Amino acid sequence: MDEELNHVIDESRANYLDKDNYDVIVVGTGFVESLVAGALARVGKSVLHLDQNCYYGVNCSSFTLNQLSDMLTKPNDDSTTASVVQPILKNPYIYYQQPPTPPTPAQLPTQVEQPTPVEQPVATEQQTTTTTTNVEESTTLDTNDTSVESTTTTTTATITPVVEKEKEKETVKDVFKVGRQFIIDLFPSLLYAKGALVQLLISSSTSKYLEFKTLDKNYLYANGKLHAIPSTKGSIFKDNTFSLKEKRYIMKFIESVRSIVGDNSSTEENNTEEQEKQQQTGETLESVTKKYKNFVEFVKSYQMSSNVETFILYGICLIHPRSVEQVTVEEGILSVLLYMTSLLVYGESPFLIPYYGYGDIPQAFCRLCAVFGGTFVLDRTIGSINFNENQYTGITCSAGQPLTSKYLIASPSVLSPYIEAANLQPQYTKEQYSRCILITDKVIVNSSECSYITIPPNSIAGNKSTINVYQMENICVARGYVLIHFTTLSNGATARDDLEAVVETFAKKGCLYRDIDADSNSDAKDSRPNIIWSGYFNMDLNTSIVNNKSPLSELMPKGIFVSSDSPISASIDYQSQINEAKSIFSMIVPGVPFLEKVPDSEDIIWNSEEEQSATTNETTTTTTTANTDNSNLTESNNNDDKQE
1 MDEELNHVID
11 ESRANYLDKD
21 NYDVIVVGTG
31 FVESLVAGAL
41 ARVGKSVLHL
51 DQNCYYGVNC
61 SSFTLNQLSD
71 MLTKPNDDST
81 TASVVQPILK
91 NPYIYYQQPP
101 TPPTPAQLPT
111 QVEQPTPVEQ
121 PVATEQQTTT
131 TTTNVEESTT
141 LDTNDTSVES
151 TTTTTTATIT
161 PVVEKEKEKE
171 TVKDVFKVGR
181 QFIIDLFPSL
191 LYAKGALVQL
201 LISSSTSKYL
211 EFKTLDKNYL
221 YANGKLHAIP
231 STKGSIFKDN
241 TFSLKEKRYI
251 MKFIESVRSI
261 VGDNSSTEEN
271 NTEEQEKQQQ
281 TGETLESVTK
291 KYKNFVEFVK
301 SYQMSSNVET
311 FILYGICLIH
321 PRSVEQVTVE
331 EGILSVLLYM
341 TSLLVYGESP
351 FLIPYYGYGD
361 IPQAFCRLCA
371 VFGGTFVLDR
381 TIGSINFNEN
391 QYTGITCSAG
401 QPLTSKYLIA
411 SPSVLSPYIE
421 AANLQPQYTK
431 EQYSRCILIT
441 DKVIVNSSEC
451 SYITIPPNSI
461 AGNKSTINVY
471 QMENICVARG
481 YVLIHFTTLS
491 NGATARDDLE
501 AVVETFAKKG
511 CLYRDIDADS
521 NSDAKDSRPN
531 IIWSGYFNMD
541 LNTSIVNNKS
551 PLSELMPKGI
561 FVSSDSPISA
571 SIDYQSQINE
581 AKSIFSMIVP
591 GVPFLEKVPD
601 SEDIIWNSEE
611 EQSATTNETT
621 TTTTTANTDN
631 SNLTESNNND
641 DKQE
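Residues 1 to 644, numbered by UniProt numbering, are exactly what the sequence shown covers, in order.
Each hint should be verified, as a subset may be incorrect.
As the list claims (entries may be wrong) - Simulated crosslink set (SDA-like; lysine to any residue; CA at most 20 Å straight-line):
#: 1; residue 1: Lys-558; residue 2: Ser-569
#: 2; residue 1: Lys-582; residue 2: Ile-202
#: 3; residue 1: Lys-558; residue 2: Ser-306
#: 4; residue 1: Lys-245; residue 2: Ile-202
#: 5; residue 1: Lys-213; residue 2: Ala-364
#: 6; residue 1: Lys-233; residue 2: Lys-252
#: 7; residue 1: Lys-225; residue 2: Lys-582
The hints are simulated quantities; they were obtained by calculation from the structure and are not laboratory data.
Predicted, not measured: the structure shown is a model, and the values here were computed from it.
Build out the structure end to end from the sequences listed, making use of the hints.
Pasting the structure below:
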């Protein structure tokens, strides 16, 4: 009897962790959580990192086309527990252009002798089918549906032309056959070459886990056309978009921004000149912040044309809240300066993009955490949270194991049920975003392969908020296809309401698989890319408002920290998420450097010859990998003064 009881107990604890006490338990592998976990493990804290999903990243994840299609077509399970934090894609809608299927033997025309010539064309025209799925009405998408409307000729003089055309159609690939070659981000963004995230990746040596390339071009959509944003002073004066007078205004504004802030990237001589200008004009960042109520007012004070104002507000100041009037003077000036200082660092473009999707970025910090002893368990989350009066003491995980820690870090999606149960005020703000993801046969007209497009408000069909467009052809996508992302703050009832008119401005639902001899006169002058697959959805993102300067932090039980689950913000870079991670870190370990650089092997002082001999092989391998993968970022960072 005792043996049977012990056997049952052992089975119930089969998935238990060997250790049940940690300094910090982090739930969710989103951007902020992964950043904090890596930083805490780096300073010696024992970290247990859980995620209820079987993949990393939460809302910062990347998926294959097949995975994303399943997420959009399968309904969200209402029976899941409150702690389940799978991405909730609202109002999903799919358009999918299916290729024609080869005809069965029964459909092939038969050869019959005719006494007179046949008037009907020899070649049978097989029409392309188009599938659209609205998940609210139908929750399944059969990607193998091969229903084709066809018209066959029962009599023909010869079968040879028909066989050639059907053979040609068989070469057309179904996009789902190469769906695993797509890396599709839920929320793509850009990294400034001189931005906080790139500097953090370099300083923490985390960049050795990642690979990047520079963006080819970034554009501004204005007056119905795409305008390339000039990247250098010379390219500004070569550009035909602005008049000579407008170009001078642009240069004057940029020089003014540099002098107001005191650009540290300039030489010592230039810094002296800028300080003299500050003394003459009396303008500093503090003074202009007090003088103007927002960045729009500051820009308008230069009395430039509307074209130049649009260029500055939406082309080089890439902060896009619901209203441009919400951008403060300080935010706008620093954003323009960041854009200008990021030029010519790794290339002409000021932006970097990861080769294998943005989901790799939080994973890089998870790897850093694991290197310094962090424990990761996927497919496991919080079952319940344990308190002693107003003090957090630990959790019981979804596997039933009691776990204790000094601190718990989790997103609002995880903690909201417990916050509401304790009658606490909401500790976060919620924003809904509209997304559209396209797969097309070619790039947008007059654009580069890897490019970024900004569409200001009221540019297309009265769009109320700024729309960001990311286009990728040679990375994150199968050969022969183009991946295009559309992102904006939600204003309509669904993502289709917000984005469909904009999408159809750049791409069309054309007959990609039209027969060669079919009548295509209607599309002869339409050079827009054809949409092969598109998915629309809305998604809610939560941003924490609790930090060490907020009185709201006192309302939370001691030991619990709320982290944002939003991988993006009004700015396209990750500055706000990094600031939040630093804030949480400083509350747990005050006065300790955040993500201090990992020492190179040659910088380590060994205690004994035996210890050095025992670890030589492993250290050599790690060092070689780090130097190889990190060379681009490091070398460009060191030489960027020369390039500028």
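Hints, verified against the model:
no.: 1; hint: Lys-558 with Ser-569; verdict: violated (28 Å)
no.: 2; hint: Lys-582 with Ile-202; verdict: holds (17 Å)
no.: 3; hint: Lys-558 with Ser-306; verdict: violated (52 Å)
no.: 4; hint: Lys-245 with Ile-202; verdict: violated (41 Å)
no.: 5; hint: Lys-213 with Ala-364; verdict: holds (17 Å)
no.: 6; hint: Lys-233 with Lys-252; verdict: holds (11 Å)
no.: 7; hint: Lys-225 with Lys-582; verdict: violated (41 Å)
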